[in-house]
Amino acid sequence: MKKLIVRWAICFLLIGNASALGGGGKGLSIQTTLPIYKNLSNVVGTDNSSDETIQTAGATQVAAVYRLSVAEGLPAGATFRIVWQDGSSESIFVASTTSSLGAVPIPGSQKAAGASGGSGSGSGTGGSNGGGSGSDSPTQTFPEANGSWACTSSDSGGTWNCTWFPDATTGA
Amino acid sequence: MKKTTKLSLSVVALLAIIAASYALFAQGSNSPSTALPVSTASTSSVAKSQESTASVSSSTGSRKAIPSTDYSTAKNINAYIASLSSASSPPGTLEIAQAKAWDECGSLIARPNSGKLYIADLQANGGKYAEFRIKALQQIDERCKDFAFTTQLKRNDVENLYKNAAKEGNAEAIARNLTNGISTTPADKVQQEVMQVLSANDPAALFTAADAFSDRGPFEMTPGGEVGTTNSKYAWQLAACDQGMDCSASSAVVNQSCIYMGICGPGDYRTNVQYSAVSPANYQEITKAENNINRAIADGNVQSLLNHK
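Residue numbers (my numbering), protein chains in the order written: chain C, 71 to 242; chain U, 48 to 356.
Next up, chain C with everything else stripped away, as it sits in the complex (with noise of 0.2 Å):
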């Protein structure tokens, strides 16, 4: 009973700090159909029915990728969006930044493939709660060591064209 009541609290505690950090159309969005996500190796092949170990695994290894972009980005305590290569998505926790398993998903926050909801697709790369530039256009930079990416969502299913634009040109 005791264990039960626990772990009720961890779920209102996580499904509260989503909607309060992570939820509304402002909080932070990954497409792992980005070209930086899309071969990650616990990421291919997962989706919101994937194992949870797995799941997490590869809600890490995409946490992990941003944060190389972003610095202090998707700090513990964070939330953010990931959407799925098949376009399921659901909510994650950053319990922990150093831990391999550390980006938990938050139960009952998955949606289907091409339902809306959540904290919206492409509606920025971060904000006060994953760090980074937040924006509501179209077109997201993703910076990598010798350039960037500039890419634009083509349709809510988590489609994304990019145009590598290596350091010397960005900006130009």
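Treat the hints loosely; a few may be bogus.
Stated by the list, open to error - With the C-beta cut set under 10 Å, the calculated list includes, among others, these residues of chain C facing chain U:
#1 Thr103
#2 Leu104
#3 Ser119
#4 Glu122
#5 Thr130
#6 Ala182
Just so you know, the hints here were simulated from the structure itself, not pulled from any lab data. Every value quoted in this text rests on a predicted model; they were computed, and no experiment measured them. Even glycine gets a Cβ: it sits at the ideal position worked out from N, Cα and C.
For this one, chain C is given, so just place chain U on it according to the hints.
Just chain U, lined up with the frame of chain C:
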């Protein structure tokens, strides 16, 4: 025959006296006068770690930084955990080793070949800090392979391991629990547990607790930036390295920071923070704060840095 027995007893007694004298001498040469060194940015961090470890041991008597150091340097985590199971180790050591292993090896627990696939992708397509990430992934893959393939632990088990270790007084577990999803931890609880962690003199716990001293923690910003700024976290982490935490180039913390936080580079944790995480100006501020933290630890008045918001 009697003479031989007496002679043997005399020799044993003499040896015991010599051993006791030596022990007293060794203890004396280590103790009180050896103050905690105050870090300077120019000193090699390895040398500092060694000095600090010695003085931490001397100032706290029975405290040993061995568990975290051994975990960090173990080539095979499974074998390390097995060695803990068969030996008498400080309370909570086995639990936290298992929990940390799960945290480090989870990606391979999810998909056993994910490490090798990730490495292959980075080798083929490159990416930011690819060479450092590949090296870190290779080391994690090697350390984790036996553990990842055999563990039956699930998330709830791991949370229980951390809880039990914390209950047993393991400072690193307490620190982990209070910084795990820190924004959801009540401020008064963070403050109380931070004090518990600081009093334990455990460098690994100090490193883990560093998040609580950042701008997201419950403490007011100090004029020197030791507490309450984005950079404060780094100052405490580097202070933990000074105090004996294994922050060497091949340590677990360096590998995990590179893979999951993007703090990558060619050397130890300090080098990598400079290389990838902060600007030169910020690093100067961080080292000043780090020196003040080390000084406060040496003087036993760390609490003076912590004012509740």
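- Message: Hint compliance check: list the failing hint numbers for this structure, sorted ascending.
- Response: Result: hints 1, 2, 3 and 6 break, sorted rising.
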